[in-house]
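2 protein chains.
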Amino acid sequence: MIIDCHGHYTTAPPGLKEFRDLQIRALTDPAINPSKASVRISDDEIRDSLEGAQLRLMRDRGIDVTIFSPIAGQMAHHIGNAVTSQLWSEVANDLIYRVTQLYPDNYIGVCQLPQSPLVPPKSVIPELERCIVELGFIGCNLNPDPSGGHWKDRPLYDRIWYPLYEKLVELDVPAMIHVSGSCNDCFHHTGAHYINGDTTAFMQFIQSDLFKDFPTLKFIIPHGGGAAPYHWGRYRGLAQDMGKPPLAEHLLKNVFFDTCVYHLPGIKLLLEVVPTENILFATEMVGAVKGIDPETGYHYDDTKRYIDQVDSLTETQRALIFEDNARRVYPRINPILDRIVARKEIAHG
Amino acid sequence: MIIDCHGHYTTAPPGLKEFRDLQIRALTDPAINPSKASVRISDDEIRDSLEGAQLRLMRDRGIDVTIFSPIAGQMAHHIGNAVTSQLWSEVANDLIYRVTQLYPDNYIGVCQLPQSPLVPPKSVIPELERCIVELGFIGCNLNPDPSGGHWKDRPLYDRIWYPLYEKLVELDVPAMIHVSGSCNDCFHHTGAHYINGDTTAFMQFIQSDLFKDFPTLKFIIPHGGGAAPYHWGRYRGLAQDMGKPPLAEHLLKNVFFDTCVYHLPGIKLLLEVVPTENILFATEMVGAVKGIDPETGYHYDDTKRYIDQVDSLTETQRALIFEDNARRVYPRINPILDRIVARKEIAHG
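First to last, the protein sequences are chains A and B.
Numbering follows our numbering, with no gaps: position 58 of the first sequence is 58.
Quick note, our numbering runs 1000 ahead of the 1-based positions in the second sequence.
Possibly wrong hints are sitting among the right ones.
Below 20 Å or equal to it, Euclidean Cα-Cα: the simulated DMTMM-like pairs (lysine to aspartate or glutamate) are [said to hold, decoys possible]:
1. K1152(B) with E295(A)
2. K1268(B) with D185(A)
3. K1244(B) with D311(A)
4. K1290(B) with D293(A)
5. K244(A) with D1241(B)
6. K268(A) with E1272(B)
7. K1244(B) with E272(A)
8. K290(A) with D1172(B)
9. K152(A) with D1185(B)
10. K1268(B) with D311(A)
11. K253(A) with E272(A)
12. K244(A) with E1272(B)
None of these hints come from the bench; they were simulated from the model.
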């Protein structure tokens, strides 16, 4: 089975944005009072939004299942306050839930958290719990910078994050580290802020002893781990200079990377320096880079093609990257995948 | 000839820090009034600081010349105001000048700029001009984030930077993009802020048309270009989605990368995806990573060893990386190198 661990509902029907626009207008016009009930999106609109885009691409590329979450760039935790983020997250997560119900064989949910700048992260626990326990989601996206490019909140190793980590451990779900849009002109959204967010989180994990306190806590750093694999020697050396244990011991039981690296040399580097046990297949399609690479004739984000071209991978390693690591990092995926397999067996007689 | 284009005077004698500490104390205690004349550093101290460190390592590794600048992490443009930065830059640059006078065969100067948060960059022009014209320096370090991890200033493509760029073009000197220390807890100094600064600058160049306005302006992005080469497909794709020309045309006549990547797979990737014409040899020793890599038995920052191991490079390509590109990117290095060569010929009879 091929599992894409990193997809956002970037093609969501216009009713989602209409709600969000209304919610943002309501911040300055109290006469507007959008509720969850005001979201107008039909099942047919959801089907249309996916059939011609993600679902078609998944079929074209041989991807069975996508771990699917709300649009990362539009989480925009910096807009409004914690109440704003709570309602917006509920709406965005409920829409993902509907996708998982309409396409239970193809989509498994991951939630957006109702973070807000300088608000203690424990405030997101109820929505996390609702999504995992009630909606059957298997993880969450955690924004290390709710201020949207101003980095005003505490580093991920700060104890202010601990109540959330305790809940993640209790629920046995991982968090993907994922910033949202940038409201700092210095940082282009997908070209700088995303990659910087990944690199920054990785270094925060190196400089701390977070995983001594949470030995079973798991994070996925997307976009191939930001700059980390390219600078793997730098990070091994920095950890060493700080007196930390080797990275394998220090954080590789807890930190995983996806394969959203959009060219073959980058994927080769990732596979060479990071243990295969720490790499999860992902595309983030339809996402940051939508075009076709003139050098290959295929979409930049068709990452499966790059992995398929790395001859040195054994079948066991391929299975780890495409399926087994996801099963280990997202334990709650297993019963869902079992049901998918059972349905397929029935369908095929 | 082997030219290391990226060295900082990290081993500067204690008199430098004593001056800086005094200057920082003076910010809150006006009775203290440190002047340039109060800096107490002897020539012997300078010799001692280099002979056992950078100079020894240069000899061990076969590096002839280092393009040398003040300690990047201590530029700390966020401390005090523009007046503070002016005096501190003069002191730091004057010390580099003394190094170049004591070791004219080994060190060539690059200056720190007296930037200050939210102060228009044209304010640094007099110190830039002094260093290039009077001290014989060949370039400068330009901090894209004088606020030290808060990214409060304008992106590098903003017109507020243009007067400085006009002067760089007029003087025919490049700028190395180099952030300083981080005063934002989220960003580890050398593990996150440095690499993010590089990635951010590269993306700022992609999203703008800066080099249409300044076709001869040249920047070196250090630390192997941050995350850029690892995500080269992403950046090619983002430029393409934005309707920009291919990177070769869009910015590779103006943007260069150094080789401060501290492991062989990273160097291999850099050499594979970035044209050889755009890569300048560098170590940044003694710098961010001081240890010995247990996997190789050599210093992480002994980047020459990695390049030497890449068999696919031709002799012409090696000459570009180790010497010729530096001569092209830093045109003012040429008469200095000519004099070094002439002295060596005389010395060898």
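Verification of the supplied hints:
This hinted pair does not check out: K1152(B) and E295(A) have alpha carbons roughly 38 Å apart, beyond 20 Å. Of the pairs offered as hints, the one joining K1268(B) and D185(A) is violated, with about 33 Å between alpha carbons and a cut-off of 20 Å exceeded. Restraint check for K1244(B) and D311(A): not satisfied, since their Cα atoms lie roughly 34 Å apart, outside the 20 Å limit. Between the alpha carbons of K1290(B) and D293(A) the distance comes to roughly 39 Å, so the proposed pair goes past 20 Å and is violated.
Distance hint between K244(A) and D1241(B) is unfulfilled; the C-alpha atoms sit about 42 Å from each other, more than 20 Å. Distance hint between K268(A) and E1272(B) is fulfilled; the C-alpha atoms sit about 11 Å from each other, no more than 20 Å. Distance restraint check for K1244(B) and E272(A): the Cα-Cα separation of roughly 32 Å exceeds the 20 Å cut-off, and the hinted pair is therefore not satisfied. For the given pair, K290(A) sits about 39 Å from D1172(B) by alpha-carbon distance, which is inconsistent with the 20 Å threshold.
As the CA atoms of K152(A) and D1185(B) are separated by approximately 9 Å, the hinted pair is consistent with the 20 Å bound. For the proposed pair K1268(B) and D311(A), the alpha carbon gap of about 18 Å is at most 20 Å, so the pair holds. A threshold of 20 Å between alpha carbons decides the hint, and for K253(A) with E272(A) the separation of about 18 Å falls inside it, so the pair holds. Note on K244(A) and E1272(B): the hinted pairing is violated, with a Cα-Cα distance of about 32 Å set against a maximum of 20 Å.
Hint check: violations occur at hints 1, 2, 3, 4, 5, 7, 8, 12; the rest are consistent with the structure.
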